[in-house]
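J.: Just so you know, the protein sequences line up as chains A and B, in that order.
Residue numbering for the first sequence is 1 to 60, as defined by this note's numbering.
Residue numbering for the second sequence is 1001 to 1142, as defined by this note's numbering.
Bear in mind the hints are in silico, worked out from the structure with no lab data behind them.
Keep in mind that a hint or two might mislead.
List time: in silico EDC-like cross-link candidates among lysine to aspartate or glutamate, alpha-carbon distance up to 20 Å [stated by the list, open to error]:
1) B:1117 / B:1077
2) B:1141 / A:32
3) B:1117 / A:32
4) B:1117 / B:1080
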Amino acid sequence: MTLTLSHFSAALLFAVFASIVFGITQRSTSREQIRYGLYCFAMFVGGVFVAGWVMWFLRR
Amino acid sequence: MANSSSGKKSSETTENKAAPLTTMAVLAPAVGWLIPGAGHLIQRRWLRGGLLLGSIATMFVLGLLMQGHVYQPNGGDILDILGFVGDVGAGGLYIVTQAMNWGQGAISHATADYGTKYLIVAGLLNFISVADAYHIAVGKKP
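Please put together the full structure from these sequences, using the hints given.
T.: If you want it as structure tokens, here you go:
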């Protein structure tokens, strides 16, 4: 069985799992963990878009 | 003289702050490395342990399904060594993968490289999870 994801969906899944682990391990209270996890997810996804646009400009 | 006494005091303070070596402080990281999230589960952090297990194991399995490359123990290229260090962080998942000889095929498409990164990062995230289990065991984290 082989799984073929697009670049974007692979990056999105990566962001989800990494954010969950970062949220749980880097903060103490449940509220802080959720907030930090969401922050990490936003940063990951934001980074994907920024990197995408940077590469688009470099290519032109 | 004053310096030496203050130095002595600071070393005593450091010794007092040192984490006690309990059975759980040894067991939780070891079990957590072998089974991702289990270090939290044996300390009754059910939700955290479950989420860590789900995230790390899913990431590892997705990496394998994407035909990612699993690094063998090696003493060659530095990137291969680092890849192995990352992979071995997944503990039991890595051992099973090696036993079944998975992840050894040639990378045939672009997203397979994502698979390789998924496998490495799953292992690295498990290292963080192990450190967290240890901090809970010694009482540095609730």
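J.: All the hints need checking, so say for each whether the structure fits it.
T.: Hints, verified against the model:
Distance check on the hinted pair: residue 1117 of chain B and residue 1077 of chain B sit about 17 Å apart at the alpha-carbon level, within 20 Å; holds. In summary, the hint linking residue 1141 of chain B to residue 32 of chain A is supported, as the alpha carbons are separated by about 13 Å, within the 20 Å threshold. Among the hinted pairs, residue 1117 of chain B with residue 32 of chain A is inconsistent with the structure: their alpha-carbon atoms are about 28 Å apart, more than 20 Å. With a C-alpha separation of about 12 Å, the suggested pairing of residue 1117 of chain B with residue 1080 of chain B holds against the 20 Å cut-off.
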